[in-house]
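K.L.:
So the protein lines, in turn, are chains H and Z. When we follow this note's numbering, the leftmost residue of the first sequence carries the number 1, and every step to the right adds one. When we follow this note's numbering, the leftmost residue of the second sequence carries the number 1001, and every step to the right adds one.
Any given hint might turn out to be false.
To be clear about the criterion: a stretch of chain H counts as covered by chain Z if any three or more of its residues have a C-beta under 8 Å from a C-beta of chain Z, and this derived list gives those stretches [said to hold, decoys possible]:
hint, stretch
1, 6-12
2, 15-26
3, 73-80
Simulated from the structure, these hints should not be mistaken for lab results. Even for Gly, the Cβ is constructed at its ideal location relative to N, Cα and C.
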Amino acid sequence: MREMDEEWKYTAVYGVIVVALLMQVALALLSRSLGIIAPIGILSISGLQATFVFMIFMQGRYGTRAITAFMALSVATLLPLFIALIFSVGFPQHAVPGP
Amino acid sequence: MVEWGPLRRWLFTTNHKDIGILYLLTSMYFLVAGGVLALTFRVQLSVPESEFLNPDSYNQAVTLHGLIMVLWVITPMAAAFANYVVPIQIGAKDMAFPRLNALSYWVYLASGMMVLSSFFAPGGTADWGWTTYAPLNTLRFSPATSGSVMGLALMLLMASGIVSTVNFLVTIFRLRAPGMKLVHMPLFTWFWLFTLLLMLWAFPAFLAPLTLLVADRVLGTVFFTSAEGGSLLWNHLFWFFGHPEVYILVLAGLGIIGELFSVFSRRPVYGKKIIIASLIAASILSYTVWVHHMFMTGVHRGLREAFNITTEIISIPFGIIVLSYMFTLIGGRIRFKTPMLFAIGALILFTIGGVSGVFNSSVALNYGLRGTFWVVAHFHYVIVGGALTGLFAGLYYWFPKMTGRMYNEKLGKIHFITYFVGFNLLYFPMHFLIDMPRRIVTYGAETGWGDINLLITVGGFIFGFSQIVMFANLLYSLVKGPVADKDPWGGASLEWITSSPPPKFNFDEGIPVITTQGVEFQTSAPNGGTVHEEEYGGEHLSPWPIIVSAGAGIALLGAALSLPLFVLGLVVFALSVIGWGWEDLREKFHVTVDAIGEKWPFDGVENSSLGMWFFVFGEITFFGSLIGGYVFLRANSTLTGFWWPPPGQVHDIFFGAFNTIILITSGLTMALALHSIRQGSQRGLRASLLVTFLLGLLFLINKGIEWTELFSEGITFSTDIASSTYFLLTGVHGAHVLSGLLAMVYLITKAFRGGFSQEKHKAVESFGIYWGVVVSVWVLLFPLFYLL
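Chain H on its own, in the form it takes in the complex:
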């Protein structure tokens, strides 16, 4: 019975990820009318899909808590880089070369 549960769980998660993908496509197609909601929705769904793959397909939750902690640390390491990169172009004080 437990074996069946496992297989159903993988398949259900797969279904969720694929449906989420279709939602992303729909958001992209409607992006003109949805405005800023579309890219935010698309990127959020991608993040959730990657989290599902980590937790279920990559057996993240079967590892120790340390695996999840290291995963979080790895992602957190990138946070300052993204902030600095966005800040650098969002609020430029450098000369932008001409075309």
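Once you've looked at the hints, dock chain Z against the given chain H.
P.N.:
This is chain Z only, laid out in the frame that chain H set:
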């Protein structure tokens, strides 16, 4: 006639102590090469208007000196001691993955040989400075092919470092002896652990801009030549690696200093837990300070202020470490042996460098100091004074352990005195050249810099001479030195309870067990294994690490120089990888370095899976940096006026979605493959693996179709920044899929040979983790190119 035996041992060894010695000898070789280069440009600068070197030769000498010293000398020398000592200090028999350990060394050597060979290429070697700034690093300003060789060599070196890092982390976390809790680990191992954690995220982060650079130079992409990318993108991605790299260089030396202070003052380290807490703080902060290298780039004032503060804060944990070391000495009976002299010297020099660093952190002062010899003085005090001097302390300290012979104490002291005097004559006067730019080939007599420069060059030659004393001492002592006791210093860590040099598997008496009374030995492992040699299947030699490395080196050299060489390297690489896999399938290399002791916090994850997880953590900063680059380029395109194609314009949304579903489905079938073998279903495993393979192949074929269509429409790597980004990111991901498919051939072959069972399926589990990354990264990349 060459005797094959000893040569075979050194070429095919997978023993951690042999590999440690190989690292040490190679890093010493590069030290001499880097040192000679330094002396040539010091001669050039010693007098005004010198013509000893022409500007091109000068630039090449400075570039190669910096890159060799930072990347091919200091970290590898630390890795030499770590290889030799860390497994013994934690009570392990060897590293977790002995063949990967050998592979790391040979890949390191191959990358170094590529760099040195680039000197003899037409146009000379790279001449862009060790920071490899854009746009100097582009074909327009550095057209010589040796620039591409340098980029590829750096990539190879990072690959070596990543493999080594993963191996060490699994070793330290999973192979500690019974009773060896993390907190019991000696200080050197602790510092090495934090070095590894920094390398885990910094090296892949450096691999990302290197990939962009090599793509620019070899494939014609436009990351650093376009207005959207350019120098600011390189600066961010390089220094995001570059500043943690400073701590990667320094920590091992600092760990040695602490350990030696304790041993030679006969006192426990003062505040060990506080030191560890400081290490945690410094490691976290090390990823939040890199913009202080970019204050002059014109990044926003808010960023400059924030990074000014974080840079000042990071001096606090290092200050605490220095104070703890000083308190360790108080009340101790200090023995001023050569290792201790170097340790004290290292702490003094590191402190001077640290104090001058605080000045650099100030935005206002930085404007004046940037690009002057003050900065050269600062980082040499930190990196040579702190890191290299600390490593020399370790060299004298562990020399008796590694060779079984004592060095000559008198010559050791002469080495220290000439080293310390030479070092300070060389670098301290640079603080006074606060108005002299550091990147000039010569200067006029009217500047008044001549006398100080002459003094600096004299110091440089004294410093160089001191190393000759060291080499003479160590070579003489190797042959004629008195036989060393197993514990000549009264050390407390485990390497001092075993013979000098230690036996092949470190402890002849059995497995060391750490108890409240001290160290005891048990002769049989709790899981029924033994500690005897037969467990390793003979001498545990393997020819494949060196051959794989040779193949990789030749292929990468060929990628920059010639197609036939590239094909030859690729053939050697492919055949040797097959040979490695075949060795595995036939269980010719049977090494079981099982986890039998302390494994916290990874008790539930076996060695190969944990190795794969660590690799995955590194992959996150690799792909994260690439995606960060994409975000930067996309955002910057709005400033430059570049029109980024909207969704559906270049890439077919539905075709992309279809291909994404294929890859996600392969993720499901891979999870089912693992599930099947856990249930003992061989049929389920084989079927699931085959379907996963076919889906992965279909994904790649679709990508190939998509690329071909784009090429036929005239959209290539160099069309614009959008096409460059698309081809690079999907190409790198495709390379991961391809590697996965090749690994799957091995898994499928093994599955059909009945090589997996309900109890024994580590490779399937590890590969499942890898394949999960391949799927996850794609679900993040797909919207970037198809939907946004």
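K.L.:
The structure should be examined with respect to each hint, and the outcome stated for every one.
P.N.:
A quick look at each hint next to the structure:
no.	hint	result
1	6-12	holds (count 4)
2	15-26	holds (count 6)
3	73-80	holds (count 6)
In terms of the numbered hints stated before, the structure departs from none.
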